[in-house]
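Protein chains: 4
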Amino acid sequence: MLIVMDKDATSAQIDAVAAKIEALGYVAQPMPGGERTAIGILRNPGPVDPALFLDMPGVSQAIPVSRPYKLVGREMQREDTVISLPGLELGRDRFVVMAGPCAVESETQALAIARMVQAAGAKIFRGGAFKPRTSPYSYQGLAEEGLKILAKVREETGLLVVTEAVDPCSLELVAKYSDIIQIGARNMQNFTLLRLAGQATKPVLLKRGMSATLEEWLMAAEYILSEGNPRVILCERGIRAIGEHARNLLDLATIPVVHKESHLPIIVDPSHAAGRRDLVPPLARAAVAAGCDGLIIEVHHEPEKALSDGAQSLYPNQFAGLMEELQKLRPGGWQ
Amino acid sequence: MLIVMDKDATSAQIDAVAAKIEALGYVAQPMPGGERTAIGILRNPGPVDPALFLDMPGVSQAIPVSRPYKLVGREMQREDTVISLPGLELGRDRFVVMAGPCAVESETQALAIARMVQAAGAKIFRGGAFKPRTSPYSYQGLAEEGLKILAKVREETGLLVVTEAVDPCSLELVAKYSDIIQIGARNMQNFTLLRLAGQATKPVLLKRGMSATLEEWLMAAEYILSEGNPRVILCERGIRAIGEHARNLLDLATIPVVHKESHLPIIVDPSHAAGRRDLVPPLARAAVAAGCDGLIIEVHHEPEKALSDGAQSLYPNQFAGLMEELQKLRPGGWQ
Amino acid sequence: MLIVMDKDATSAQIDAVAAKIEALGYVAQPMPGGERTAIGILRNPGPVDPALFLDMPGVSQAIPVSRPYKLVGREMQREDTVISLPGLELGRDRFVVMAGPCAVESETQALAIARMVQAAGAKIFRGGAFKPRTSPYSYQGLAEEGLKILAKVREETGLLVVTEAVDPCSLELVAKYSDIIQIGARNMQNFTLLRLAGQATKPVLLKRGMSATLEEWLMAAEYILSEGNPRVILCERGIRAIGEHARNLLDLATIPVVHKESHLPIIVDPSHAAGRRDLVPPLARAAVAAGCDGLIIEVHHEPEKALSDGAQSLYPNQFAGLMEELQKLRPGGWQ
Amino acid sequence: MLIVMDKDATSAQIDAVAAKIEALGYVAQPMPGGERTAIGILRNPGPVDPALFLDMPGVSQAIPVSRPYKLVGREMQREDTVISLPGLELGRDRFVVMAGPCAVESETQALAIARMVQAAGAKIFRGGAFKPRTSPYSYQGLAEEGLKILAKVREETGLLVVTEAVDPCSLELVAKYSDIIQIGARNMQNFTLLRLAGQATKPVLLKRGMSATLEEWLMAAEYILSEGNPRVILCERGIRAIGEHARNLLDLATIPVVHKESHLPIIVDPSHAAGRRDLVPPLARAAVAAGCDGLIIEVHHEPEKALSDGAQSLYPNQFAGLMEELQKLRPGGWQ
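Protein chains in written order, with this note's numbering: chain U, 1 to 335; chain F, 1 to 335; chain B, 1 to 335; chain P, 1 to 335.
What the hints contain is simulated information worked out from the structure, not anything from laboratory work.
Among these hints, one or two may not hold up.
In the EDC-like style, the derived pairs of lysine to aspartate or glutamate whose C-alpha atoms are separated by at most 16 Å in a straight line are [what the hints assert, rightly or not]: (1) LYS328(P) / GLU325(B); (2) LYS260(B) / GLU244(P); (3) LYS202(B) / GLU22(B); (4) LYS202(P) / GLU216(P); (5) LYS260(F) / ASP278(U); (6) LYS328(B) / GLU325(P); (7) LYS260(U) / GLU227(F).
Here are the in silico distance ranges between beta carbons for each label pair [unchecked claim]: (8) PRO64(F) / PRO64(P): 37 to 45 Å; (9) GLY332(U) / ARG74(B): 45 to 53 Å; (10) TYR139(F) / GLY46(U): 37 to 45 Å.
No residue lacks a Cβ here, since even glycine has one placed at the ideal position from N, Cα and C.
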């Protein structure tokens, strides 16, 4: 249920509605908008009777919310969310490219790649310090040492950094060192991690799970928002499907549907969808043409020596060429 | 196995290689290229010994073909196939848009829509006369009467027409009235139909099956080519997958992979992938940005009255707006 | 819509209802049951007003049929269909095992295998004469010669035979030589073939399509019944899914759901689901325990020499051992 | 690489091999078997040269392990693992049924259901205290209070208990109160949780992920074993697939394949696969017929009042009837 107030409703009227919601045992979530305030009712186990609110002063409408998600839905917030980051914005008309290696391997490697992707126009550097790997015997990342390298990259280049957290412990560290906290596909329904990310003060990049429906994905974002962190960036990275010509099946229809259902921005990771270098540029172009708010792309200066995912990493000059193509496809709003 | 001849090999030398292949009980498929001729060996149940050919005069190389497809593969023909149609070409750098209703319902309807899509830049009119429907009680199309209406549309407007054949009987009629024979997703592995399409003199639009791998799809095309019809246009239309936000999952990675594996052109059907009107423009833009050779789009002037698939048909003015966007995304090569 | 007549309704009353249905432009399908007659209304494009029938003499109820399938649904026929075949029955409590090679390769091969599977308890011999193959260069079957071998097997052993039809031409031949007409997974939505099978006088074994939903499968059966052939045996053979440990994912939940939704019998093909020999016995046992009405299993006396599907064919002694296990799991009703 | 020692190899010889492995920078994992000892080489980034070990005294063979999993594989341990629990065993020929509600709701509810499932033959009581829910607004479980109720159930009835852990914090509590630690489908690749479960002293029930391949699932188990906990029970619960007649697609082929690839036991959860009560008994029977080592089934005495998953919970009398059927299907080895 969403209680929409009159345009000229007073603070006292808004407070009275919130107080009534709380008195009923639910949680009130006021959402001040450009023109008027709406108040979401959360934690109600079943439908709420609109009549309880419609006769209160200053109340304009009581809209039953049919979607299971509330805070992430358009019904709660009509305007696109714009994610504010130091020196740039993402969402609405602001378009951002994140790029870097799959894993931070050394300061030399990270700085070399960071300077190359920055020269080509990337604004955020990606690189994993905690790597969730299918095998316990695979390279697991540099952990806090990797985070320190990322912080060094930011210091040296001015690029912002994004990196993945995989458990409560790493989340605390990532929130400390990184500008954006990434939650990976395997953890999309790690609800404890989502709640902790919701208590963090940094924006969260939430990847779609391996076989998640759109609703499950938005509900995962809802976990983060329901804990008080409104800065969530969704990231489509393909789902598991039949066929072997690409690693995952990039589902670009999520872009317009997310934009219709939710006010959150959505970016695309063509590298993990492709799984092979030659498919990254066409999928990146397609994602931009479909209207995404940004891209996150793997780039490595020596992919054949990469400790993970080398086969899908672009060479720096390929990345630079791709960036030129993308700027033609989408002339405005580049951050 | 592919026998590649010297650049200056004589006809007699080529004939001798073909004769040897036939003498071994296989089928020889000479493929004259721009610079040199290659001869494919078909119907060999197992590997063929290259030594049998390497010492023949005029033979340059004997290349074992690792892919199960031969005629459709790049190894057999390096240059992109260009499909010649009356007054236009499709493939390589020639880009074509096909548009029209799901089903031909009446001459009035067909002509009205045809004129609208033509004005917006479409060159080929689509419309089903034989409709494969999940239910025996659903509208099944106008059959030959529908084909006559398509012929009338061509006569009145100059647009070419494409329509679906569903069995041997309808194939014969479609080949007679239509400029392009469409084989639908449900019939992608109707091998009898594929063979008959391979014996037709019209180009074939071959849609990808509901859950076909890329290899199965190319092998279906191989059936058509192996019967002597080299003019096949592949059409990606999404595969069945989890999730409910779109009808099928459009797999745009097939575009670069088909272009790498095969010399055949590939177009995209965003309408059947989307299943809902609002997703058609972003998916169409994405397909163009990913490098497809054309699009086939459902348009209806009164979609709410359409006898089938109304929900995914664009209004004519939406189609016109989309065409303008597409021309910006892909400035050259429009037919 | 289903018009249910009173228990003591007269023929004249039944005829009057049918005449009214026809007068409305629909098709009336009378279904005489044990206690009373019901009349289905087919080919109605939309809902029919029950009031049109409720005041007619002898009419008890007018039930709107919510399922898209009618003739195959339980609402139309409450009792299980029993398929009558020469000398045996399938469905309700009669359980039948069909077995034999993937393809009929020669009279010697067919007879050798037939005698082995008969000795182990199979009642119907399977073997393909028309093989739908992914590649045009693969073994395509013996065609009519194979059908003659099947007829010879029946003559020599008394086993009934089942074999696949792939197009109108082969359907006519299969209907002539075989006791059961098989429609394969790739042709489940070959509607022309389904209609022709519906006009045949032999029972039809209808395999589930590669990625067909249960509803699509039942609608395919509806095509056959709507043409007048009520003898359809459904066959679950697994659907395409992720994972590589088996060829297809056998979906045994279809057994209880088909039994709930439809009166048609359902058998299981563990061989095509497994794709490898060692998985066939456990899947066959599981299918029987889940309540299927029969099995169709590939057996070859020399699988390593089989022209197709050798890897999934049981050796005759494995098949005999499996039959003993199955008889313990399901003691009664064996045909 | 697996170093297999001679039958009469001495401890000193075994130690020398282990020391050499460690000297190379890898981890040695001695596995004493019935007849001879094998020593696994773990954490080697690439292939290891067998010649390094073959000339050492007491070494019989050096087997390159082709599977990515080692400790869970048959190559490492030929005999089936038997999971020892207080008063019962699971695996090899010991068959165990676990049953109870989706969530522990109250002591009254838990005890009532526990007594009913115990009377019908269940040996382990299931019930969630920490519920991973798609929505942050859904019932999340009683947490530690639920665990105390489970401990009370064990005390009162003698049943063992199994319950799910969802994060490091709940894992510690579950390991304290419960007899078996369950890792749910959504956490199958929560590698931090897997490592912690590998350090616990209780057996682990590891459910297959929503869209996990068999290899990924076994690799998840490998995480647990590689930390020192050899007592892992795999649990097949269906994967996400197309079709709507059941919630997930139960993949019974995993039973024989797991038994071939791994020494670990595998049980089946028909309740979460079915998603609806009427499908649970046929799927449970099928799982037993396919050879599983146990079942975990949801039972509720008042499913219509259940706080979660009521629609798939059996009534106690249905469960008792099912247990009788299962005992006929699988006469021996019941614990």
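Here is how each hint holds up against the structure:
no.	hint	verdict
1	LYS328(P) / GLU325(B)	holds (13 Å)
2	LYS260(B) / GLU244(P)	holds (15 Å)
3	LYS202(B) / GLU22(B)	violated (28 Å)
4	LYS202(P) / GLU216(P)	violated (22 Å)
5	LYS260(F) / ASP278(U)	holds (10 Å)
6	LYS328(B) / GLU325(P)	holds (13 Å)
7	LYS260(U) / GLU227(F)	violated (47 Å)
8	PRO64(F) / PRO64(P): 37 to 45 Å	violated (28 Å)
9	GLY332(U) / ARG74(B): 45 to 53 Å	violated (59 Å)
10	TYR139(F) / GLY46(U): 37 to 45 Å	holds (42 Å)
The structure does not agree with the numbered hints 3, 4, 7, 8, 9 stated previously, though it agrees with the rest.
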